[in-house]
Every structure is written in structure tokens, then in C-alpha cells.
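Given the coordinates of chain A, work out where chain B should sit on it, guided by the hints.
As a plain string of letters, each chain reads:
2 protein chains.
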Amino acid sequence: MSKGIPKRSEDYSLWYNELVKKADLAENSPVRGCMVIKPYGFSIWEKMQAAIDTMFKETGHTNAYFPLFIPKSYLSKEADHVEGFAKECAVVTHYRLKNSDNGTGVVVDPDAKLEEELIVRPTSETVIWNTYKNWIQSYRDLPLLINQWANVVRWEMRTRLFLRTAEFLWQEGHTAHATKQEAVDEARLILDVYTDFVENFMAVPVIKGVKTESEKFAGAVDTYCIEALMQDGKALQAGTSHFLGQNFAKAFDVKFADKEGKLDHVWGTSWGVTTRLMGALIMVHSDDNGLVLPPKLAPSPVVIVPIYKTDEQAKAIGDQAKKIIESLKAKGIIAKFDDRDTHKPGWKFAEYELKGIPVRIAIGPRDLENGTVEIARRDTLSKEVANIEGIENRIEELLEDIQANLFNKARVHRDENITKVDSFEEFKKVLDDKGGFLLAHWDGTPETEQKIKEETKATIRCIPLDAEMEEGTCIYSGKPSSQRVLFARAY
Amino acid sequence: MSKGIPKRSEDYSLWYNELVKKADLAENSPVRGCMVIKPYGFSIWEKMQAAIDTMFKETGHTNAYFPLFIPKSYLSKEADHVEGFAKECAVVTHYRLKNSDNGTGVVVDPDAKLEEELIVRPTSETVIWNTYKNWIQSYRDLPLLINQWANVVRWEMRTRLFLRTAEFLWQEGHTAHATKQEAVDEARLILDVYTDFVENFMAVPVIKGVKTESEKFAGAVDTYCIEALMQDGKALQAGTSHFLGQNFAKAFDVKFADKEGKLDHVWGTSWGVTTRLMGALIMVHSDDNGLVLPPKLAPSPVVIVPIYKTDEQAKAIGDQAKKIIESLKAKGIIAKFDDRDTHKPGWKFAEYELKGIPVRIAIGPRDLENGTVEIARRDTLSKEVANIEGIENRIEELLEDIQANLFNKARVHRDENITKVDSFEEFKKVLDDKGGFLLAHWDGTPETEQKIKEETKATIRCIPLDAEMEEGTCIYSGKPSSQRVLFARAY
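Same order as they appear, the protein sequences are chains A and B.
All residue numbers for the first sequence refer to the numbering used here, where the first residue is 1 and numbers rise by one.
All residue numbers for the second sequence refer to the numbering used here, where the first residue is 1001 and numbers rise by one.
Bear in mind the hints are in silico, worked out from the structure with no lab data behind them.
Take the hints with a grain of salt, since some may be wrong.
Stated by the list, open to error - Each computed DSSO-like pair below joins lysine-lysine, with the alpha-carbon atoms no more than 30 angstroms apart:
no.: 1; chain 1: A; residue 1: LYS98; chain 2: B; residue 2: LYS1133
no.: 2; chain 1: A; residue 1: LYS255; chain 2: B; residue 2: LYS1022
no.: 3; chain 1: B; residue 1: LYS1329; chain 2: A; residue 2: LYS331
no.: 4; chain 1: A; residue 1: LYS77; chain 2: B; residue 2: LYS1098
no.: 5; chain 1: B; residue 1: LYS1336; chain 2: A; residue 2: LYS259
no.: 6; chain 1: B; residue 1: LYS1336; chain 2: A; residue 2: LYS98
no.: 7; chain 1: A; residue 1: LYS344; chain 2: B; residue 2: LYS1262
no.: 8; chain 1: B; residue 1: LYS1098; chain 2: A; residue 2: LYS87
no.: 9; chain 1: A; residue 1: LYS47; chain 2: B; residue 2: LYS1296
no.: 10; chain 1: B; residue 1: LYS1057; chain 2: A; residue 2: LYS22
Chain A with its partners taken away, still in its complex shape (with noise of 0.2 angstroms):
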């Protein structure tokens, strides 16, 4: 134990939790299945949403805001969609309450029943699409490439923060092209923006796939998706891309004119992140000491400790940090001062180590007088003491270091944690001892999909997109298979 956190080798799942509480991301709120997310751990969040949110505008999307409720006829237009959301939506029948004739509070106005119930938004493709049909008329006015920020509720009996909660926040995009091609395109320039995101951001390695045909979104013909794996040897879905076909706009009527004036349905993809990604970025890095942030998501890659004794080292301490924060800046590099006579140093380390900061710099007045710092690196919790001449200099080099370091030591512990297995027996054995991704032969049936889900909580997590064709035969049920896909246990 280490500040109140279990250690991963001992409860995993308590780390995590405790992790997320005690390093201030997040917290249950008394509303059942919604979070609180607290000041730092949004503050993650809005260096996630800015990076995403210039790379859509970099390739051409543009933010617009659609409606919170969806009136309920609206789900039952698309099939396969009504199928997947109906059983967990939030449902709004009134809209008003009255004081209870007890006089002790509030009570529901039966008089205020909304003549058609309001689903709150678990997604938005219907609404979007309900008025993408006025949007649209014309090969002109195609592609439309939208994205909206925005909350959605979905009712879940077992939550976990960040991972799995009733309301959470996300990106929807939602496009509409004048060809399939363009469609399919879109929804893989996405699943690239994406990848680069989260590996490059994050620092966190994934497999990019293709969902099998009982795991894509309900009403999608395809559903692109990254793959990460988490130190526990569980997969986590980070992101998904759906290629929709025609399915909305023939489902809400949207056509086009072509240059020719033909009348054509639209194709359309839809795609989204969620604030799961915060739980991805905590599993992934994260130690018995608390949270590791790659240096590009922490709030505040550098943080600055002063150790004095008197008013007048303070003072001096005070005026090198300054100089410090200045020519960090002049590099675009945030550092934080904190100078609160309210902790301790050594309170300060600890907090600083259990909230991820990247990079911790403390001056003592024997710094002073060499002209040095000490600098201590969160992810390999090593020291070393550096010239205050050039610091800017090596604390971006570190920066860099560590951000690279945290994606390398990711990918070397995913690699390790592919397995290709032959055998049925062999792949529950695996998962058993050591979890991780299996890549297996499977006959591409759901039937086969269920079983091997059923009998050992595996998922097929994707065909990979870069699979080589391989002959092999079904781990389960012994038919002819041309290419292995990727299974494992999954958050």
C-alpha cells in the first residue's frame, strides 16, 4: 500500500478504483451510474478534447449541437438500432412537478405527461438524420463532416468510473458523402486520426480491426474500431468508426441530387470517442505510486517545488523558478510553481507523484548556490541533478523522452501479451494465466462467436486490418478459417 492505494499485483480492479478517487480524476455521484468528474481529472479531459478537436477541424469537420432528447418513435426508424438501444434508454414522461399534498417535497404532476415520451440521446444518428433530410438536397451540399461534443445516457446496471457509467461525455461525428467509397473512406481516415491520437497523444499502442458482425454498432454496416491493451491483460475498445451505408437515410428518407439529377440515398459513417479514453490513459501507465501522465495530456507537465528554511531563500528560490517558468514558456512548455506555505515538500512530492506530473523540479538554497535543480522523472522515478544554465534545454528533451518511453514500454507489453494459439485448450489456457490479446483461427460464424464467449469471456475484438491470410482451422469448432482474429478479455 502505498497513500491509501492497493498495489495492481494484489487488486487490480481496487487500484484502479482507489486510483481514480484518491489522484482526484474522478467520483461516484449519488445519481445513480453518473460520475462527478473532479477539477483535475477534467482538466485531462479538455487537453484530450482540444487535441481531437483540431485534428476533425484539420481534416475538414466542423462542431455543431443537436438535441438532448430524441422522441421515442424516432429510435424505432432504423431496425437494428431500436434493437440495441432501446433496453438501457433514459426516458422522459413529464415535464413538470407539483408540491405533494403532504407538503414534504416535490412529486411528479400527473397532469404534465408529454404526449410522446423523450428518449435522452444514448446517440444521435436519429435525430441528426431526422434533420440531415433538410440539409440535403443536393450533390452540393455533400460531404457534410459534423461532430458534436456532447453528454449521452446509457442506462447500465454495473458501473465503473470513466469505463462504464450512465452519462458520460463524448464526440459523435456524423457525416454524409454522395458515394459509398467516400463513406468508407471517411470512416477510415477517422479510425487514423484516431490511432494517431491515442498513440501519439496518449501514448498508448492499438490494434486497428474491423468488429465482427455481432459486435459493430447497431445499425452500422461496418464498425472500424482500436484495440488497447490494459496491464491486466484486458482489452479496451478506445474508439470506433462505423461505416452506415444507406441505413440512416433510408431510414429518415435523406436523398440527393446528382450533377445529373438523380435521385440517390446518401452514405453515411458515424464515429466517436468517450471520456472512456480517460480510463484507457489511467490503466495503461499508471503505478503502485499513482498516475502517469504522458507529458502532452498532463495539465501541467512541470511542476516546481521550492525547499527553503527562510523568508529570504524563499525569495530567491522564488525569483529562479520565475526564470525557469519563463524560458519553459518561451518553449511552449507549461510549468507549474507551487509555492503554498500550506504543505510541506515532502507532501508536495507525494502529491505531485500520485497525480502523474511528468517532471518534478525542487530548488533548495544548495541549489542556489551551485547553480543547479534537482529534476525527478515520474515514470522511471529517477533523479538527477541539472545546471539551471540550459535547463529549458534538457527538460524539453526529457519531456520528449518520456512521452516516447511511456508508448514504448506500452508496446513492448502489448507485443508480449499476443498470442497466437492453435487450440482451443491452449487459448483458455492462455487466457487464464496470462490474458492479453489471442490472435486464433475462428470459422467466422456467430454461433461460434457466442460459444467461445460464453465458455470463457473472451471476445472477438476485431478482424485486424493488417491480418495476413493464413489457412488454419477454428480453434472451437474445427472448420476451415483464412485468417486469425483477435480475441481477449475486455473492459
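Structure of chain B alone, referenced to chain A:
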């Protein structure tokens, strides 16, 4: 009529509605009372958000996120609060739909009834103060300065795009302090932040004041506000900042130990601005030709339109445009080059006029020969020919001038429409003939305020903070009064 927008003088209300739709800002959704904020409208809201968010951060606030849902019982904990909001709450009563027996769609599953109904937040004081109870123990935890960007729902029977919608977007700040004075100072600081934003970014002059008892926020001790005047002489409340006293701290039992260990309830504030600001922005500056945007909030303050006949000309103009865009970029000014060949220059000119782009640059073959461009400014509809050499300085100057001009024009209009009146006859006459703000004496009672409202539809917008003390008699009751208050008919 111009571009299908009625003139302001003919029908101000219709002009507004049509402008909002035609300029692609927002539209009604089929979901009762909820709007769709279209990409162009949302890009303006994003600029607003970014500016406000920066100001909050510069004044020490951080963002967080609290649940969308509020247990019904929470509302009742603060007596005034429940009185104010219970009548307009969207209520979630069930968490699942199921297939209807006749197979025509989905119905609410009666077996999935919630034990306690949930309210979709109309504002988050209750759920946030319930959380603060756990976050605040000692003076070291104070002040707590938190903001959230969120959607809220207040069931409105009569809605108007941006001005009054069932769902709207806003930011809501919620702070906790050790002393009464600190909380009052915070509420006033935020009022200054709002004033700064609305005047210096939106170019809309405001009057700062405090609300009367009957107009204040349900649960506040004092509500500070900023009031703006629209072109039709009606007022619009642009932002409010509430000093909550210890009301919510007492309702949710939020206490802190001071340095001596003495326990006391904390002092609170809450404050917000909403997508309503979009309504104010549109109504203050726009004209019969369409939207007029202040440069600081225009997603792209400059557009460049090429005029050409041959491909060669198009290429040469394109090269020139790119140089201009680069030189503007170096000054932090975003310019858009509209080289679409699907639309003619005339169409584009009309489009950017309608959309309120501050500065439009046209480049034709003769301009290339002469080393000039044609510049048109949206606010005055005037044109000039400028040399390409040093064009970036001229544009920068123009944008500053437009920003200042819009503010001054709005201020002159506002000032010309503040009338001191000394009798109820005069009050009614000015209100009907001219509208605007009326400064009049009032006896300080809610009864008189209510009667004036019933007879004239004018409300007390605020008691101005800078009001001079002046002996007088109430225009309605004839009772003594020591200062004038600000009346108006309002949105």
C-alpha cells in the same frame, strides 16, 4: 425584403427568426422547444466559449463536470429553489423501452420504473452543493472556484431560437468561500468578467445592476446582472451572478473548520451565461442585409473572393490570395479563401454579407495588374480600393475600427434610449412610443413592481450599481424613493 429576410422596421421579430435561419445559425428541431445549433452558429458560440473560458482560467477558476440528472428530492432542499424550478422540469421516470405488443414500435417498459424520479438539470446548485459537502472540510479547501460547460433544460411553453429554448447550452460557475465578503467579491468579480466579455468581444454595452427581490435567482441572496438593449428597444439580460449567502451550504450542510477549528457554513456564489448571448449578438448589430459580426467573434473575420474568367487568372489570383492569408496569419488574423467554382462571385458576396463577415476582399484580373484589392466592410457596407503592399496593416486597422464602431454605435443607440421619467403617464407614453430603458423612481415594494408589470409589461431590469442617490417619489404609488431603477420591456 432582401434575401428573404423581412426588414427590421416591418417586423423585428420575424426579421430575427428569419435571419437566424437564413444565416445558418440555428433552427427549430422537431423536438419540442429544442434547437439545432448549425455549424456556422456553433462556430460563433465556440469563439465565445473560448474567450470566456480563458477569462475564467485567468481569474483562478477550473472546469469540472457534474451529472445531468438530479434526484427529485434534492430540489426540495432549498425552499426558494424548488419553488422557482419545479414547474418547468423534464422528469425521467423510466430507464428502458420495450417492443410494443402490436409490433409497431417501442413503448415505455412499466417494469423499468425508477425508485426516485430524476430531474434533467435546470441548473446544478443542488447536485453540486451535495458534492461540495464531501470536498470541503477546512479553510484549506477554500475558496473552491469551479465552472462547468453544460446543457440544461427548462421546459418552456413559448420558445424562440437562442432567446428561450427548452434545452440550452451555458456555463455555470459554483464557488464556495470562507467569508461573506469573499463570496460577494467573487460574485462582483464575475460580473466584471461578463461585462468585459460582452462589451469588448460582443461589442454590446451593458448596464450593471442588482435584481429586485422578485426578479432574483431562486435561492440567491442577491442576483447581480448585466442588461443590454436591443435595436427594437427591448432589454435582454446578458448574464447573472448570484451571491447565495449560506443558503445552499445550509440546505446541504456544507461546513468548514477555520484556522481555529471553529465550524461554520461556507458562503457561495453561482453565475452563468448562455447561448442566449447569441441572440443578443444578433439583435444588437445585424441589419436588413443580414448578420453583422464583431471581428473578435467572427469565425473567420476576413474572406477573400476571387473574380476570374480564365484558369490562368484563377491561378494568379490564388497565389496572391495565399500571400495575403499568410501575411494576415502572421498578425493572428484568420482569413478564408473561397475559391469554390460551384458558386459565382456575386453569390458569394451576398452570402458573406448575410453571414456578417466583417471584411470581404475581392481580387480580380485588373487588381492583379494594379497591385490592388477591393475591400468591403460589413458594418458600414462601404468599399475601398487598397494596395496589396501592406494590406495586412490596413486589414488589422479596419478590424479594430469595425470592432470599435460596432460598440460605439450600440452605445449611442443605448444611450439615446435611456429616458428619465417622473410620472406613470410619461412612463407608459415613453414605453409605447419609444421603448428602451426607463429610469424611474420606485417605492421598493414588490406590489408596485407587480402592478407596473401587469399594466405595462415592463419589469425592473435592475437597480443600477452606479445609480446616484436622488430623492424622488415612486411613479406609481407616489411614495418616497431614494434612487431611480431601470425599467424596460424585456426578452
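Do the hints match the structure? See the list:
Taken as a hint, the A:LYS98 and B:LYS1133 pair is honoured in the structure, with Cα atoms around 27 angstroms apart against an allowance of 30 angstroms. Our distance criterion of 30 angstroms between C-alpha atoms is met by A:LYS255 and B:LYS1022, whose separation comes to about 22 angstroms. Pair hint B:LYS1329 plus A:LYS331 holds up; C-alpha atoms about 20 angstroms apart against a cutoff of 30 angstroms. Distance check on the hinted pair: A:LYS77 and B:LYS1098 sit about 14 angstroms apart at the alpha-carbon level, within 30 angstroms; holds.
Of the supplied pair hints, the one linking B:LYS1336 and A:LYS259 holds, its CA atoms being roughly 26 angstroms apart against a limit of 30 angstroms. The straight-line distance between the Cα atoms of B:LYS1336 and A:LYS98 is roughly 53 angstroms, outside the 30 angstroms bound, and the hint therefore fails. For the suggested pair A:LYS344 and B:LYS1262, the alpha carbons sit about 24 angstroms apart, so the restraint of at most 30 angstroms is met. Of the supplied pair hints, the one linking B:LYS1098 and A:LYS87 holds, its CA atoms being roughly 7 angstroms apart against a limit of 30 angstroms.
Distance restraint check for A:LYS47 and B:LYS1296: the Cα-Cα separation of roughly 24 angstroms lies within the 30 angstroms cut-off, and the hinted pair is therefore satisfied. Our distance criterion of 30 angstroms between C-alpha atoms is met by B:LYS1057 and A:LYS22, whose separation comes to about 24 angstroms.
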